[in-house]
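Peer 1: In the order they appear, the protein sequences are chains A and B.
Taking my numbering, the leading residue of the first sequence gets -18, the next gets one more, and so forth.
Taking my numbering, the leading residue of the second sequence gets -6, the next gets one more, and so forth.
Think of the hints as simulated: they come from the structure by calculation, not from any bench.
Any given hint could turn out to be false.
What the hints assert, rightly or not - Here chain B is said to cover these stretches of chain A; the calculated rule only asks that three of the stretch's residues, wherever they fall, bring their Cβ under 8 Å from a Cβ of chain B: (1) 24 to 35; (2) 38 to 51.
As the list claims (entries may be wrong) - Quick list of in silico lysine to any residue cross-link-like pairs, SDA-like style, CA-CA up to 25 Å: (3) A:K35 to B:D59; (4) A:K70 to B:C65; (5) B:K70 to B:I28.
For glycine and all other residues, C-beta sits at the position ideal for the given N, C-alpha and C.
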Amino acid sequence: MEKDLDKVVDEIMATPNVSGCLVADHQGLCLAAKGTAHVDSAGIIVAISEQACKIQPNLKPPTVCLEADKKLCLIQRHGTITGAIYKQKTEMKF
Amino acid sequence: MEKIPDQTGYLILTEDGAVLESAGELENDERIATIIIDLISLSNTVDPLAFGPNEKFKKISITYDDHWYAICISNKKIYVVKRSISPAAAEGNAIAV
């Protein structure tokens, strides 16, 4: 049943610099988690995306990016599903 | 803060959410101030496994189609800047991420 979702998660994990990936539903229940992403953080990730949506509720949900020194966490909501991708930072080349 | 390119408004908050300074589209916007304080306290508890205790988040960005908010903490003050995205800059962002 979750074959399609697993495929998407595997595709994301195959992307360079991605260390983890998590998908959760609107209640904060984890649908899929791989790599460094821990199942327990599903609730917090959904809460962060919901909080960010409150800033401008009439616009479509924004992408939230949490940056640490060498890692970043990208959170995007699509309908009732929230996805998070954990990445290693690459050297910025401008 | 006014010198930041493409900024359309900014907020400087204390750690408890009181507005110290504000201008532009975020002028005296206490609603957004409260949301951002909640967002920061939530982000402190994200995944201790992936982000160790020594890896606190330095910056939060919230990106919409045509503008984004940058949130940073320095000297116990929270800086929030709303910036517009020009099409050329949007391409640059996509590469950076």
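Peer 1: A separate judgement is required for each hint: does it hold in the structure or not?
Peer 2: Taking the hints in turn, this is what the structure says about them:
| no. | hint | result |
| --- | --- | --- |
| 1 | 24 to 35 | holds (count 7) |
| 2 | 38 to 51 | holds (count 11) |
| 3 | A:K35 to B:D59 | 17 Å, holds |
| 4 | A:K70 to B:C65 | 18 Å, holds |
| 5 | B:K70 to B:I28 | 16 Å, holds |
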